[in-house]
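Protein chains: 2
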Amino acid sequence: MYTTMHPAEFASLAKWAQKTQRSPLQEMLFAAAKPEIISFAMGLPAPELFPVEGVMKAAEQALRDDSRTLQYGPPYQPLKRHIVRLMAKRNVICREEQIFITTGAQQGMNLLARLLLDPGGTVLTERLIYTGFKQVIDPYEPRVLSVPTDPQTGIDIGAVASILSRGARPAFIYAISSGHNPLAVSLTEAKRSRMVELARQYRIPIIEDDPYGFLNYEDAALPPLRAYDDQWVFYVGSFSKILTPALRVGWLVVPESLMPKVSVVKEASDIDTNTFTQRIIASFLELEDINTHLSMLRREYRARRDVMAQALRESFPAEAKWEIPDHGVFFWVELPHGMDAQSLLASALKRERVAFIPGHAFNVELSNEATNCMRLNYSHSNPELIREGIGRLGKLTREALNRKI
Amino acid sequence: MYTTMHPAEFASLAKWAQKTQRSPLQEMLFAAAKPEIISFAMGLPAPELFPVEGVMKAAEQALRDDSRTLQYGPPYQPLKRHIVRLMAKRNVICREEQIFITTGAQQGMNLLARLLLDPGGTVLTERLIYTGFKQVIDPYEPRVLSVPTDPQTGIDIGAVASILSRGARPAFIYAISSGHNPLAVSLTEAKRSRMVELARQYRIPIIEDDPYGFLNYEDAALPPLRAYDDQWVFYVGSFSKILTPALRVGWLVVPESLMPKVSVVKEASDIDTNTFTQRIIASFLELEDINTHLSMLRREYRARRDVMAQALRESFPAEAKWEIPDHGVFFWVELPHGMDAQSLLASALKRERVAFIPGHAFNVELSNEATNCMRLNYSHSNPELIREGIGRLGKLTREALNRKI
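Protein sequence lines correspond, in order, to chains A and B. So the first sequence is numbered by this note's numbering: it starts at 528 and just counts up by one. So the second sequence is numbered by this note's numbering: it starts at 528 and just counts up by one.
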């Protein structure tokens with residue numbers, strides 16, 4: 528008989544995997560999954576805004592039209608045509624030959640990291656960044672060069688320029704230009720131009736992660752970096768936040784010359800992207816008006832954003848700071864220094880039944896930065912729950928601050 | 528202005544990616560996609576056997592039941608329950624806690640390779656093996672130890688034992704125990720026991736890839752390796768060949784202690800497995816009798832197998848050799864030595880409009896092994912097309928042989 532061992536005891540577990548653990552986001556997902564918890568933790572879209580009837584009709588059409596709907600298949604060309612049109616709404620001029628369809632944006636990032644990053648290689652990004660990006664690069668045990676981010680204008684371009692001018696040559700720069708996760712900021716126009724100039728000058732590709740670019744709440748939304756350069760910006764897009772996440776379809780916009788290589792990595796990863804859901808999305812975009820759908824989402828999420836801003840003003844301590852996000856689904860709230868968002872979360876879950884993600888979870892390197900910050904999602908809960916949940920969280924935060932003072 | 532460059536000119540393309548190319552399977556997929564070609568190339572299931580109505584009903588039920596069907600979500604527990612029952616049909620006793628749901632079997636392999644294999648690490652497998660496996664390990668630039676396979680009894684266990692006894696400690700052994708791809712052989716019972724004994728003795732996990740295990744055509748099908756050991760065999764299963772590939776759902780059966788690590792790698796890869804299609808499969812398995820469906824598939828594919836065997840006997844040169852497969856979707860045909868299946872394919876596509884995969888494409892290392900062999904799929908074409916296509920291919924092969932003699 529053989530006794531059950533902990534996997535770390537396998538001689539053959541890869542080195543990086545021996546030290547890896549569940550991410551804070553995964554822990555949160557489980558903690559916040561209880562119905563009695565008001566959760567501002569995950570970046571979930573509002574399920575009541577999903578176009579269920581439209582998806583149903585599109586699914587029926589896709590299944591009735593063609594037996595290839597349930598077969599393995601090459602990327603669905605009509606969907607690429609729709610994506611080209613969608614990108615044009617953001618001032619990105621691209622061709623179908625530059626569109627690569629992926630199993631969501633997360634896979635898109637993975638495919639690009641696989642192609643660009645050697646084990647032990649170097650990447651450049653912001654100190655506080657989407658945790659899923661850290662998960663993508665962790666297995667490469669990379670050297671991470673990181674720069675600060677200004678809460679009003681985005682990534683510190685001077686710091687990027689300085690790192691590159693001193694000779695660093697990262698495999699790529701990872702950036703979220705609109706609706707930053709977690710910092711809720713969008714890059715200014717001047718910084719967009721400068722970013723792309725640096726990429727060209729030093730011949731370093733930028734991976735532009737843009738899940739929230741279509742969720743803009745002000746009229747004068749800036750185009751993504753990809754609109755400024757078609758050679759050095761590799762764009763990562765997704766239907767998860769603008770249609771539904773469960774279809775698991777995203778896309779890359781990359782130079783056509785890169786396609787054969789991306790295809791190899793994609794086939795190795797999961798053969799092909801779900802033919803059924805690709806065709807559902809294409810049918811949906813035929814049958815429905817995406818502009819109407821996007822306008823509805825912007826209106827609803829803008830309203831939720833405004834409700835959260837109001838609730839924050841009413842309930843949070845006067846010392847707390849935040850900006851009003853012009854894109855995306857998050858507020859980034861900075862509490863007075865010395866306050867510990869992690870222990871605040873423990874009380875919030877236990878006493879107030881409210882969840883959020885403490886800021887330090889977004890550190891790309893081991894660091895104590897942002898221990899006094901919290902990321903709050905406003906897309907998933909309805910306005911009433913937002914008011915209630917922010918009210919409870921504000922009360923808790925004020926009490927914690929008073930105990931400190 | 529910046530001119531467009533070939534991606535190999537990016538300083539930052541990862542080393543392995545600079546030399547990678549489209550796989551032979553991908554090239555074939557494109558070549559064989561024309562409707563006038565009779566294709567025995569890919570391992571595609573028969574689209575006319577897809578349960579389209581059942582999927583439609585299941586999709587409607589999943590969408591009407593629960594708005595979470597279109598949301599991000601944790602693995603769908605009712606689907607795990609069904610998989611436990613499905614595995615029990617193969618004499619595998621497992622618990623829901625040991626089931627990990629994946630975006631198809633290909634992703635399952637990827638997740639395990641990520642966890643087990645260090646860059647430059649060692650793997651042990653057969654000389655001729657599924658090309659998708661080679662694609663999975665290529666980015667690790669691994670040392671590959673490979674052993675021959677007997678066309679009637681499967682992997683050369685003596686060679687495996689000898690490699691391990693000489694001190695090699697691969698990260699894992701990769702094996703296809705039933706309906707080998709491409710060699711169409713199933714391991715004997717004695718070899719199954721011995722494989723698992725070796726894994727235990729040397730504490731080396733086996734990744735058992737089993738897409739065809741449920742497609743058995745003889746009554747006395749042997750259980751997978753996972754039935755012999757629950758600690759050292761990591762089982763990779765899939766709905767692609769038994770339901771439809773387009774839903775992109777597969778599963779792992781792994782020790783429960785490995786789950787937290789697998790979850791991390793999965794989330795990094797594509798966040799979660801398609802909630803919609805997971806729920807479609809669970810609804811399908813509620814609404815329909817999977818045994819009836821599997822019996823139908825076995826009956827239809829067995830008939831196609833028999834038609835192909837008959838056509839091979841009638842049309843192929845007497846010197847050609849093959850075994851009748853008891854599982855899966857392929858014949859492996861060995862032509863007389865000196866014949867070149869690659870150039871035969873060129874003529875077959877051009878003159879006879881028939882596609883197949885030349886054997887040498889399945890070499891896990893650079894090698895000239897199996898240049899005289901071909902892999903022929905019998906699941907995708909109907910019996911009439913099988914007769915017609917094998918007739919044409921046989922004629923071409925006899926002519927080529929006569930020119931040689």
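Mixed in with the good hints, there may be bad ones.
Which copy? The list can't say, so a pair holds if one copy fits it or any two copies do.
[Said to hold, decoys possible] In silico lysine to aspartate or glutamate, DMTMM-like type, Cα no more than 25 Å apart, as pairs: (1) Lys561 / Glu623; (2) Lys546 / Glu892; (3) Lys542 / Glu783; (4) Lys931 / Glu911; (5) Lys877 / Asp833; (6) Lys931 / Asp593; (7) Lys584 / Glu815; (8) Lys931 / Asp833; (9) Lys931 / Asp677; (10) Lys584 / Asp683; (11) Lys661 / Glu911; (12) Lys561 / Glu724; (13) Lys561 / Glu624; (14) Lys661 / Asp816; (15) Lys546 / Glu624; (16) Lys616 / Glu668; (17) Lys931 / Glu827.
It is worth saying that the hints were derived from the structure and are not from the lab. What you are looking at is a predicted structure, and each value in this text was computed from that prediction instead of being measured.
Verification of the supplied hints:
no., hint, in the structure
1, Lys561 / Glu623, "between (43 Å within a copy, 21 Å between copies)"
2, Lys546 / Glu892, "within (14 Å within a copy, 32 Å between copies)"
3, Lys542 / Glu783, "between (35 Å within a copy, 20 Å between copies)"
4, Lys931 / Glu911, "neither (30 Å within a copy, 82 Å between copies)"
5, Lys877 / Asp833, "neither (27 Å within a copy, 65 Å between copies)"
6, Lys931 / Asp593, "neither (65 Å within a copy, 45 Å between copies)"
7, Lys584 / Glu815, "both (10 Å within a copy, 23 Å between copies)"
8, Lys931 / Asp833, "neither (30 Å within a copy, 80 Å between copies)"
9, Lys931 / Asp677, "neither (27 Å within a copy, 74 Å between copies)"
10, Lys584 / Asp683, "neither (46 Å within a copy, 53 Å between copies)"
11, Lys661 / Glu911, "neither (34 Å within a copy, 53 Å between copies)"
12, Lys561 / Glu724, "neither (47 Å within a copy, 44 Å between copies)"
13, Lys561 / Glu624, "between (44 Å within a copy, 20 Å between copies)"
14, Lys661 / Asp816, "neither (36 Å within a copy, 43 Å between copies)"
15, Lys546 / Glu624, "between (40 Å within a copy, 22 Å between copies)"
16, Lys616 / Glu668, "neither (38 Å within a copy, 42 Å between copies)"
17, Lys931 / Glu827, "neither (38 Å within a copy, 74 Å between copies)"
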